[in-house]
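Quick note, the sequences are listed as chains A and B, same order.
Position one of the first sequence corresponds to residue 52 (this note's numbering), numbered consecutively onward.
Position one of the second sequence corresponds to residue 52 (this note's numbering), numbered consecutively onward.
Worth flagging that the hints you see were computed from the coordinates, not collected in a lab.
Since the model is a prediction, treat every value here as computed from it, not as a measurement.
C-beta atoms are modelled at their ideal positions from N, C-alpha and C, and glycine is treated no differently.
Mixed in with the good hints there might be a few duds.
[What the hints assert, rightly or not] Here are some of the chain A residues that sit facing chain B, going by a computed Cβ distance under 7 Å:
no. : residue
1   : G283
2   : F307
3   : L309
[Claimed, not checked] When the alpha-carbon atoms are kept at most 16 Å apart in a straight line, the in silico EDC-like pairs for lysine to aspartate or glutamate are as follows:
no. : chain 1 : residue 1 : chain 2 : residue 2
4   : A       : K315      : B       : E291
5   : B       : K315      : A       : D231
6   : A       : K299      : B       : E291
2 protein chains.
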Amino acid sequence: MTNPGMKCTRCRGPARHRFPSHNARFCDECLDVFFRGQVAKAIKKYRMAPPGGPMMIAVSGGKDSLAVWRALHDMGYETAGLHLDLGLGEFAAPSLAAARAMARRLGRPLHVYSFQELAGHAMEDVVRANRRNFCSVCGTMKRYWLNRLTLEHGFDTVATGHQLDDEAGRLLGNMLHFHDQYLANQWPVLEAAPGLARKIKPLCRLSEAEVRAYAKAHDLPVAQGKCPRSKGATLPYYQEAMQWLDDKMPGTMHNFYLEFLRRKQPPAPPLAGAARCASCGAPTFGQECTACRLLAKTEAWKQALWERGHATDA
Amino acid sequence: MTNPGMKCTRCRGPARHRFPSHNARFCDECLDVFFRGQVAKAIKKYRMAPPGGPMMIAVSGGKDSLAVWRALHDMGYETAGLHLDLGLGEFAAPSLAAARAMARRLGRPLHVYSFQELAGHAMEDVVRANRRNFCSVCGTMKRYWLNRLTLEHGFDTVATGHQLDDEAGRLLGNMLHFHDQYLANQWPVLEAAPGLARKIKPLCRLSEAEVRAYAKAHDLPVAQGKCPRSKGATLPYYQEAMQWLDDKMPGTMHNFYLEFLRRKQPPAPPLAGAARCASCGAPTFGQECTACRLLAKTEAWKQALWERGHATDA
Numbered sequence: 052m053t054n055p056g057m058k059c060t061r062c063r064g065p066a067r068h069r070f071p072s073h074n075a076r077f078c079d080e081c082l083d084v085f086f087r088g089q090v091a092k093a094i095k096k097y098r099m100a101p102p103g104g105p106m107m108i109a110v111s112g113g114k115d116s117l118a119v120w121r122a123l124h125d126m127g128y129e130t131a132g133l134h135l136d137l138g139l140g141e142f143a144a145p146s147l148a149a150a151r152a153m154a155r156r157l158g159r160p161l162h163v164y165s166f167q168e169l170a171g172h173a174m175e176d177v178v179r180a181n182r183r184n185f186c187s188v189c190g191t192m193k194r195y196w197l198n199r200l201t202l203e204h205g206f207d208t209v210a211t212g213h214q215l216d217d218e219a220g221r222l223l224g225n226m227l228h229f230h231d232q233y234l235a236n237q238w239p240v241l242e243a244a245p246g247l248a249r250k251i252k253p254l255c256r257l258s259e260a261e262v263r264a265y266a267k268a269h270d271l272p273v274a275q276g277k278c279p280r281s282k283g284a285t286l287p288y289y290q291e292a293m294q295w296l297d298d299k300m301p302g303t304m305h306n307f308y309l310e311f312l313r314r315k316q317p318p319a320p321p322l323a324g325a326a327r328c329a330s331c332g333a334p335t336f337g338q339e340c341t342a343c344r345l346l347a348k349t350e351a352w353k354q355a356l357w358e359r360g361h362a363t364d365a
Numbered sequence: 052m053t054n055p056g057m058k059c060t061r062c063r064g065p066a067r068h069r070f071p072s073h074n075a076r077f078c079d080e081c082l083d084v085f086f087r088g089q090v091a092k093a094i095k096k097y098r099m100a101p102p103g104g105p106m107m108i109a110v111s112g113g114k115d116s117l118a119v120w121r122a123l124h125d126m127g128y129e130t131a132g133l134h135l136d137l138g139l140g141e142f143a144a145p146s147l148a149a150a151r152a153m154a155r156r157l158g159r160p161l162h163v164y165s166f167q168e169l170a171g172h173a174m175e176d177v178v179r180a181n182r183r184n185f186c187s188v189c190g191t192m193k194r195y196w197l198n199r200l201t202l203e204h205g206f207d208t209v210a211t212g213h214q215l216d217d218e219a220g221r222l223l224g225n226m227l228h229f230h231d232q233y234l235a236n237q238w239p240v241l242e243a244a245p246g247l248a249r250k251i252k253p254l255c256r257l258s259e260a261e262v263r264a265y266a267k268a269h270d271l272p273v274a275q276g277k278c279p280r281s282k283g284a285t286l287p288y289y290q291e292a293m294q295w296l297d298d299k300m301p302g303t304m305h306n307f308y309l310e311f312l313r314r315k316q317p318p319a320p321p322l323a324g325a326a327r328c329a330s331c332g333a334p335t336f337g338q339e340c341t342a343c344r345l346l347a348k349t350e351a352w353k354q355a356l357w358e359r360g361h362a363t364d365a
């Protein structure tokens, strides 16, 4: 990344980071200014939150979540971290350690929950019982608990570390398949509603490379490695294709996603006119919310397994 | 491509070609049936031409143009070839030789023209005089002369060898940049209008890999090599990204392009309500058509060069 003699676009001092999509080079200090500027712009432009307001941060321990926490904290937001231990093998311990290290460094509280304790089942079992794609079940469950715990801790907003590459990759996938409903709902803010915290993506204007550089500049205690269960996920393909195009034609990804937002109306409030889940009270259009249905099916599946086990014993 | 013991999806004999996007394997004979079936479907579905009608084929000498010529000829269309020698270096001679060999093999006429003789200028000079991107100038000129010569030879339809990868790559580029006007006009048929031949793309449902296999199965006398002036063109990037995604998720490209067509209305007739070019009579919205403007500017540029040369002599 470094190039001897490369000058910072902002202060003309020695630069350490180069971003072809912006045709910019930055030293650590100016990268920080640029980074926070982009976060501030996203927050203001898409009306994510009032200045300095309280915010829960979904902290997986990866670079994106640590970066968004660090930036929002530095910008004066009153933050707390929320870490969900998904119990996904050897990935779990370093992720938790990274979240803890970050909380210590910022002097902010970190709330840690185990998915298995919350749900009463391991994620593996929920997936097996429902015979669905791993990422789809895990994503549903994560969103459900992040929302519920954010509200239970008295916050009305939860920020995630999704960055430009995530959003542009998702947009590309949705466009290639003409997923009209997903396209209509793709937006960096999902508004709050009764029973729903506001979900915001303050890094949506920053590329993965920019977030990586920021994490490096601040020496954030990032957990390495990637999810052991992500095999078979298609989103990374769209992201990789998008990054390749951006490599060949710098700026393509940035323009693609931001132009999409520029041309679009914010989506209607989510689950407007929804009823409440009979089990947990979360807003839903059905009798029970998706999370409760997945868990009820897991319960029944375990019961059947247990009964079959006893039948064999008899 | 071959795999010992691989069976043809259609006849269960030994297969030679494998197409993951269709989850199909074919022997040479069944590939031919499949190929002509897809061409017939494209012609019928997008109302390209009446059965057996006369058609001019734009023959560059590459595999796509030879394949479309071969297939349309075999399907009973009354074809003639049109080859435009663009004078682009060592690429020119083998291209012309391939077109000639194909015409001999089919026993059909081939009309050969030199761009330089038609236009009075070399393509290089037109590009230099107009200070525009090479592919853009060359494309404009090629379309202009293909149209004009098709009509002059008494045909009302010209077929080109554009295939699925060309069209899907172009679509991806247009979508990523939200080129609304190009998106509105992207369609495998451009209707005829006064002064305009109908342009059709009978291979639009067949991937580059399928066309390559067809050319191989028929041992078509394909000209190798690629245009020496295509450097800097962006379309190949979109095609490559698209092909990569299709490699990872077979069928992605096919579904993307055909679903785009399925959801779309055919575009309005081109240049509806247009006037006629003051120089050549081609339909245009301006005083002169784009081709005549490019050539007039080239003329003026050469004149200026000549005058400057004489001024120095004096």
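Quick rundown of the hints versus the structure:
no.: 1; hint: G283; in the structure: violated (11 Å)
no.: 2; hint: F307; in the structure: holds (5 Å)
no.: 3; hint: L309; in the structure: violated (11 Å)
no.: 4; hint: A:K315 - B:E291; in the structure: violated (29 Å)
no.: 5; hint: B:K315 - A:D231; in the structure: holds (14 Å)
no.: 6; hint: A:K299 - B:E291; in the structure: holds (11 Å)
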